[in-house]
Amino acid sequence: MISRFKAEIATATLTASLGLVTVIGALEFGIGWGDAGPESGAFPFYIGLLVIGASLGNLAQMARDRSALQAVFLDREQAHRVGSFLVPMLAFVILAVTLGLYVATALYLAFVMWRQGGYHLIVSAASGVAAAILFYVVLEYAFQVPLLKGPLESALGLY
Amino acid sequence: MENFASLLHGFSVALTTYHIALMIVGVLLGILVGVLPGLGAPNGVSLLLPLTFTMDPVSAIILLTSMYWGALFGGSTTSILFNIPGEPSSVATTFDGYPMAKQGQAAQALTLAFLSAGFGALVGVILITVLSGWVAKFALKFSSPEYFAVYFLAFASFVGLGGTSPFKTIVSLGLGFAFAAVGMDTVSGALRLTYGFSDLLGGISFLIAVIGLFGIGELMLTMEEGLRFDGIRARVRPRDVIKTIATMPRYWVALLRSSAIGCWMGITPGGPTAASFMSYGLAKRLSRRRDGFGKGEPEGVVAPETADHAAGSSAILPMLALGVPGSATAAVMMGGLMIWGLNPGPMLFIERPDFVWGLIASMYLGNIVAVLVVLTTIPLFASILRIPFAIIGPIIVVVCFIGAYTVAGRSFDLWLALVFGLVGYLFKKLDYPIAPLVLAMVLGDKAEDAFRQSMIMSRGSLSIFWSNGLVGTLITLGLVLAFWPLVSAALRKRAKSDASSVIA
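In order, the protein sequence lines correspond to chains A and B.
Residues in the first sequence are numbered consecutively from 1, following UniProt numbering.
Residues in the second sequence are numbered consecutively from 1, following UniProt numbering.
Bound-form chain B, shown alone:
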């Protein structure tokens, strides 16, 4: 009940005309970046972040999270109408959303997507409300070794559960740490890895990396594919919306199952993309109408959308309570918190309850605002994609570079963004995961500090990571995950040789 009282207080913080206006602005900007190719949620938040440095942290986070919701909705829109996922996490929505739109059910598909997304997000926020205080209280007992163990677990789960080549994930993580280490060493205050370049003294901002990797890299990929938008025109009439709402209860199993998958993948660093694919796959396997999947089955829209948004919103929980973000966008927001002088983690719940609960309350309101705004404005945003790419493309490029410059006002960052763009293009083409790199850049210094402080506590002995049950469990679990690709390969080989010996 303690949480409930805090939440009510949060509503009193969030429910002001100014904040509601910020939510609407944030959602509109979010839909815009979600709809435009090359601009996605992580990148959009990075671009907006420097403009919020002068704002009050509560207002700033409301603006940024609302943009996040908007971007998630915008990504689904292009998936359905143009068969082009605006976000990686809405790829699975194209499988059935686009066929539905082609059959003249665009309005139904959009409404279903938005409503199930709203449902998923709501489940995620409820989960945050119930669990965050408890997790934060639990995490108060953490000291440096436990923190390092939690970070290690987060990184290891990328390797173990990532799905792509584990070597590529490790390269991506390692490079993120290396970039984070450039500049001031937060423990000793020494400057390191600058190689005599004065431009590197200030370090490499993760915001520049996100703008380059996600923004410019994504645009290059879009250009290479020879972009052609031939979308389906859609009008969302109130009558269609009401009719579709009436069909929603039919999908309750899919809604609940997908929310559960989404919440789980959001809290662990699996992220929204993995959640939406997993949810789609399960829905297809378990559905009675499995043959309709891929040909415009409504459940094939409901499942990935619910999971995507449930993961997107619950990714905020570990970020707030532990200081370990569950998705790339949450990582960027966490970086923002640190820039505003807030320290994400359990102490935040004690030091700034108004911020924490204002944010959580704003997530309820923000999602309701987002569903309403998106339903009313979607035809407008869909028409943006009909503007020729020779105009939209360069404008996105300009916005990315302006965003890179506003981070610190350094012209060197323009070059850096360009280089990160090339790297992002290469990495995307070769299936190197990018989210681990961003997470490592945001958490690099914190993980290193935690490790070094643990070493000081133990005078250099690694045994401190097994000094009590909690830290031992976390580290062991992390090690299992990190070596999971090896273990599972060995198991498979053994199963194979067993099978062949049986045949022989």
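Chain A with its partners taken away, still in its complex shape:
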């Protein structure tokens, strides 16, 4: 169980570090006055400082309101629901970059329908494949937008 307070602190720390990363990145390109006006690092530098400042402001506010922020941010039940959505989605992205978007779509849809929707394996697999083919026809033929393809498509000679 995570309290709202912890989640707020973690997020504010994260945004502050993003600000810091921006500041460090900007310093590389000069933040002063160059031949053509302000150098290219100047704007990001001050933006980074602004983000750090506002994040610190958030942290200060959270520390002050600590007692009011003890509400539950994520309970076990919710964490389980989010996890069971997030993990297959993560697997989908990994599959998409390795096997292409169409194969990943078929596998992902089939898996979620089968394991989480309680459908029969054959029905799920057929739906997944059908959806992937539908996407293929709509995107590659109707809109002429090529998607990321993998080994299966090249084996089938589809480009």
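If you are wondering where the hints come from, they were derived from the structure by calculation, not from laboratory data.
One thing to keep in mind: the hints can contain errors.
Only pairs whose alpha carbons sit at most 27 Å apart, straight line, appear in this in silico BS3-like list of lysine-lysine [said to hold, decoys possible]:
hint: 1; chain 1: B; residue 1: 429; chain 2: A; residue 2: 6
hint: 2; chain 1: A; residue 1: 6; chain 2: B; residue 2: 428
hint: 3; chain 1: B; residue 1: 284; chain 2: B; residue 2: 295
All values reported here derive from a predicted model rather than from experimental measurement.
Given chain A's structure and the hints, the job is docking chain B onto it.
Just chain B now, with coordinates in the frame of chain A:
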């Protein structure tokens, strides 16, 4: 009268069979994304945008704006039938819309919502017709400092009028600027903030951010809440529609007041969500039947819907005439304009009058088409939500990622969309506003260019922002808004201590 002639010309551009067909397709797609959880107007437009790159800009913008209208209507439908707002801006519609539907008045509630939405949108479009040419002409006098001042005012008003913690708004804005800065620096041409990753050389597209933040983030939130749709079945019969139309004049005060609120919030970056809440709140306070609010009072549907759509359509005005979008969806559309090679702002009125007036004319037609389409197809779309979420959910996920890939054809964007999704989930749960981040990503480069050019003009002196009355007023107003949370906190403290000293 000049505007009227231009508008007639616009109608001749927009009124073709092809464009009407595009409107119908756009509205249908829009209702679909509006009805589905996790897909909303900004996200739907982002997903469709890459598919329009090869289209003619006039046709493309007609498709996208029609989708916008459709999405606004779809969002109200789920609010009324399922008590689930399809869009943040239709949250206020659930307060009275759902109780009405529960009492067996679903058809009346839907018809009222659609008609008042159509009315609000129409007022917004009329406002655009009347004002846009004038605003554009005024804005022609702008040079870099004035532009920076307008951008600054837009950003500052998020901080001052946002309603959430000002620090969170600033973090959101700042991160948007930082993401926009990644990649090519538009002034010097140098590559910056890439940290040696070749994937970052091309920059971070705001479309990926919108798909992740609005789409995937929203879906995660929906999943966490354990989605259950037990909607109310509704049939919209022509007889109900006609009966409801006859009751419309009764709400004329609410209609006009809500349109005014909507237009104001749409032109300033308050946005449709704030407009609908404000309008609902005012209607409740001023109505004679105030006790009925929250229990199925028709005026409680009319007020937020009118304001929502008035804001949604009038948000196009600053986008077209100044290049400063008034809502997240308008920001995405403006990004689209820039991708099509059009430069939103006053010059667009001179360079591409066919585009500008074709768009404005299409907004009249699009809204009429939208009201008709939505009235006839709503039972169909409502039945989509009865498909189990184990099927719909993953399909939405797949559509989001396919959309992310089509933006630039890079597999890195898939990871980026996932990360933005996680950020969106976290930000939504912790009340960080997301619209400022999107606006900052779209306007980041333009704001930076305007600032740097101003600095070049003045040789590095900030006094250029007070060099004439116009820019001085804009910047000062912006500063007041940016520091407004501090000022109002100080005032409140003082009022409190005054009050306590009186008691003592």
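Can you name, in rising order, the numbers of the hints this structure does not satisfy?
Per hint list: zero violations.
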